[in-house]
Amino acid sequence: MNQHAQYHIQAQGLGKQLKSAERTLTLLSDINLQIEAASAVAIVGASGSGKSTLLGLLAGLDLPTSGEISLLNHSLNGLTEDQRAQLRAGRVGFVFQSFQLLPGLTALENVALPLELSGMRGSRERARAALDRVGLSQRLGHFPRQLSGGEQQRVALARAFVIEPEVLFSDEPTGNLDKQTGAQIIDLMFSLRDANQTTLVLVTHDDQLASRCDVQYQLDAGILEPPTV
Amino acid sequence: MRFSLQGAALKRAFRDWRLHEVRLLFLALTVAVLSVTSIGFFTDRVERAMRMQGTALLGADLLVSSSRPISEQARQLTSPFQTARVIEFRSVMISGENSLLTEVKAVGQAYPLRGALETSDKLNQAVGTRSPGIPGPGEAWAAPEVFYQLGLSPGSMIELGNSRFKLTRIINFEMDAGGSVFRFAPRLMINLDSLPDTGLITPASRATYKLLIAGDEAQMTELRAPLESSLSASETLQTVDEGRPEISAALNRAVRFMKLASVLTIIIAGAAVALAVLSYTARETRSIAVLKTLGATRATLWQEYALRFVILVLGATLAGAILGYGAQLFLSRLLSGLLNIGLPPAGLKPLGAGLATAMLTLAGFALPSILAVIKTPPMTVLRAMESDSPRHGLLRIVTISLAMGGFLVWQAGEIKLAGILFAGVLGGLSLMLLIAWLITRGFRHFRVHQGHGWQFGLANIGRYGGRAALLITTIGIGIFALSLLGGVRGDLISAWQNRIPADAPNHFLINIQPAELKTVDAFLKRRQLDEFQLFPMIRGRLRAINGKEISADDFENNQAKDTLKRELNLTATLDLPFENTIVAGRWLNAIASGSDDIGISLESEIAARLGVNLGDRLTFDIAGQPFTQTVSSLRKVQWDTMQPNFYVIAAPEVLKDYPTTHITAVRILDSDTQFTTELVKAFPGITVLDVRAILNQLQRIVEQVSSAVEVVFAFSLLAGIVVLLAAIQTQRNDRRQEIAILKTLGASQKQIKRSVAAEFVVLGALAGLLGTGLALLTGWVLAEQVFNLSYQVSWMPVVWGVLAGVIGLGGVGYRVIHQLIQTPPTRLLQEL
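Chains D and U, in that order, are what the protein sequence lines are. Throughout, the working numbering is defined as the position within the first sequence, counted from one, plus 141. Throughout, the working numbering is defined as the position within the second sequence, counted from one, plus 1181.
Hints listed in this document are in silico derivations from the structure and should not be mistaken for laboratory results. This one's a predicted model, so the numbers in the text were calculated from it and none came from an experiment. Please note that a few of the clues may not be correct.
As the list claims (entries may be wrong) - Label pairs and their calculated CB-CB ranges:
1) D:E366 with U:T2004: 21 to 29 Å
2) U:F1195 with D:S161: 40 to 48 Å
3) U:T2004 with D:S207: 44 to 52 Å
4) D:S161 with U:I1988: 40 to 48 Å
Stated by the list, open to error - Keeping only pairs whose Cα atoms sit at most 25 Å apart, straight-line, the calculated DMTMM-like set for lysine to aspartate or glutamate is:
5) U:K1192 with D:E209
6) U:K1556 with D:E209
7) U:K1556 with D:E177
8) U:K1729 with D:E266
9) U:K1729 with U:E1786
10) U:K1742 with U:E1409
11) U:K1817 with U:D1684
12) U:K1192 with D:E266
13) U:K1530 with U:E1891
14) U:K1699 with U:E1859
15) U:K1556 with D:D223
16) U:K1742 with U:E1340
17) U:K1303 with U:E1278
18) U:K1706 with U:E1891
19) U:K1699 with U:E1786
20) U:K1817 with U:E1834
Unchecked claim - Stretch-level coverage of chain D by chain U, calculated; a stretch enters the list once three of its residues show a Cβ under 8 Å from a Cβ in chain U:
21) 185–197
22) 220–228
23) 231–238
24) 257–269
Even glycine gets a Cβ: it sits at the ideal position worked out from N, Cα and C.
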């Protein structure tokens, strides 16, 4: 595959199948895409269209059945789970629909986690600053269960951006939030992305949200339509 | 970029303490450590005390014994240590016109260096007091037989050689009497300083000279070799072997009881660990997936979780060991006075055992779950995935079996016993799981009519058969522990206490001549003593095995040496004595009579000591005549029954030409103060041994040791409670989603409550039934197969077990679920 520095993500002929005893289920077939550095890309589709599966493959959380992927100029094919994790460490951020904060850690500890795990210095100060940027400087010591849905997603944003990631993967970030809170979260996410010049890969079924991205792909029953810009 | 651990990981580890599951894990491990360390500390002390008890048997740590005065070299070598001199010989004492052959023991200052005599100043005292010191000059102390046979009382004067002595005290209990209560002639003890005036000891006299030596353990070990090499031909060195057999038998049985109870505790605690870890890892699955998306490798996660578990293990070891030390102090207090000597302080060795226990329990019962959860695919953050493969199920069975097997071998100490127990535990668990699963299948046919809540509950048992079976089994294990404590343990202990019945014989009559048999029989029957058996007693020394002459020097083992140095008791009977069991070969009367070689039955421990097997030919020297027979059976003897016991039993016809006396044991009431006096008057040749002091001591031991065993069983109870809590915790997590969905679907609180209550009450009752059933079976097997006790099954524990199940699961479980029912469904789903 041709590696271009300006592309943070490239996928070619990507397919994912699930095999069971009776039949083979095709989740994704022959997906080709290239995502430029610092661009914002939306993948839109109905439930069950394979959006989350594609996001997982692009982020190296899972491996495809066929085809090739490169992330940050590294081919993911042939890398072990640990090697893929090392590639993500400190360079890739995530924001999920269900927030995915660790319940036993406070907001500050959740945000500091990726820094501590990478052995970065000053993790607490940086985490505090990140939480300040998302407007939660008063809630540092609170546990996820003590925070509202919107606040939890802000903590998740702070955790994603505290490492100043090169790529951010986001899976239905407003799916669990009311409209108003959702809109605030999206504004926050885009402003942080702009400030960091982060490549954004956003999976959503919300056309309005998708329209804020530079490029939009439509995923339909595992087949990716050509992008609209 | 490489991940590394920081102090923050430590902080995260401590954060874990807020989780119920982690606290339960800690509690389960602590109980396991507590049970191992308390018993470890305690047995460590008891074993050392038993060695000290052994020293009391010698009256010293080391003893030089000789047929000639102790050599100058030996005296010089031992002079830096504590020493005492003793001279023993036989002599006739005279009282008025009567005389009696006695075994005189002249004791020097400081005697005994270890242990103490028990004496009293009145006749017919069953138990004496521990006497400091020795008889004063001109005083003599004597065994009760001396007083009875000569009709004397304290204060009487006697003559011994050229001297006169005043009998001042009665010797009730002489620890260093020589291992056996049977002595040729009764004891008379005088002061060594009074000995020269008697004129009884001349260079030509037959006497045994003893030098008692005592010092600290290191000094004695150091002294042993040079002392041994400096001894003259007539001198022998005696060291501590083991304590008195009846005490060590009781204590050994207690220690086995305790160790088994401790394995049981560990296994039950292990079940709690497995349950708590299941809940814990279920909770951690999502966190691990998130950490992986953030870039954590498996190695990082291993470090992260290893740190948490190391802290957990260290914490539980420390807490368990501290509690174990406290429990051990309590155990020792319960047993104080038992050993007549203070227990030495506990060593630190059990700490290591505690740490090993915590590590093994965690590794065996939790490792596969941890392995499985660390493999959680990161995709789990985006959609639910199957993370636990069947391989982990298999691994779980392997590690749990290895851990259980390891504990059993370690604690039971013998592979065979461990094997039986292992098969028992595994078989019992599988049986419980199988029965539980079959029962839950039966509930599949249950149908719900008119939406009654309780019907939902019962139908749920069938719908979630696997979950119900697992719940029945885990709660069943908890109840199994409870009922072992509540019922079976009591039955086991009373079966043990019954071994020494209240009417156990307390007097032995020996030296009954064949001509006196009928008149003695009549004498005893006149005193309403019906339950006695007169055994022939023949004393013989083992001379050869399979025609090859043997001597004490042929054996390394001190017990074997000792066996060859003394005469053994043989008897002639075709009735297998009470509490004797054949362990190999066939009992004498099963072998065709008339055959030349009916052979002999040999006690199994002595056979093992001497390396004698079935079919070997043994030659004894009985009063100068050889007696050669083939070993046709090996026989296990219960030495703590207070009945006459024999090393060798032969058919009457083969022993009929050898000189025989008879022995019997009878129970004399304390009120019958004249028995001995009258018996001795009628049969002056018969020696009466009053063993009330020993019997009392034995009964006291069993009583005290029983309470100690109960304490150890209480740890199993604790472990059982932790299992119940852990099982309920798994339910709290399992049911959260179910209850939330039921509520969203419109189920009323009342319906859900009734459904859960009905399900839990039925499952609790079933768990109680199966748990107590297994406990009864375990009790029976332990009693009959391991401890040689006869066991009466009582069914009350089943009733209590079912009640405990209903209250434990139906009550406590219901309360926990009740909290969930009160929580709004949105919050329940949020917390998932």
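Each hint, compared with the structure:
1. D:E366 with U:T2004: 21 to 29 Å: violated, 44 Å
2. U:F1195 with D:S161: 40 to 48 Å: holds, 43 Å
3. U:T2004 with D:S207: 44 to 52 Å: holds, 46 Å
4. D:S161 with U:I1988: 40 to 48 Å: For U:I1988 against D:S161, whose Cβ atoms are near 45 Å apart, the range 40 to 48 Å holds.
5. U:K1192 with D:E209: Violated, at about 40 Å.
6. U:K1556 with D:E209: holds, 24 Å
7. U:K1556 with D:E177: violated, 33 Å
8. U:K1729 with D:E266: violated, 89 Å
9. U:K1729 with U:E1786: holds, 21 Å
10. U:K1742 with U:E1409: holds, 16 Å
11. U:K1817 with U:D1684: holds, 23 Å
12. U:K1192 with D:E266: holds, 17 Å
13. U:K1530 with U:E1891: holds, 24 Å
14. U:K1699 with U:E1859: holds, 17 Å
15. U:K1556 with D:D223: holds, 11 Å
16. U:K1742 with U:E1340: violated, 38 Å
17. U:K1303 with U:E1278: holds, 24 Å
18. U:K1706 with U:E1891: violated, 41 Å
19. U:K1699 with U:E1786: Since the Cα atoms of U:K1699 and U:E1786 sit roughly 35 Å apart, the hinted pair is violated (cutoff 25 Å).
20. U:K1817 with U:E1834: Distance ~23 Å between U:K1817 and U:E1834 Cα, so the pair holds.
21. 185–197: Coverage by chain U holds here, the residue count being 4 at a Cβ distance below 8 Å.
22. 220–228: holds (count 5)
23. 231–238: Held - the segment 231–238 of chain D has 5 residues with a Cβ nearer than 8 Å to chain U, which meets the minimum of three.
24. 257–269: Since three or more residues must qualify, the claim that chain U covers the segment 257–269 of chain D holds, with 5 doing so at under 8 Å.
When the structure is compared with the earlier hints, violations turn up for hints 1, 5, 7, 8, 16, 18, 19 and for no others.
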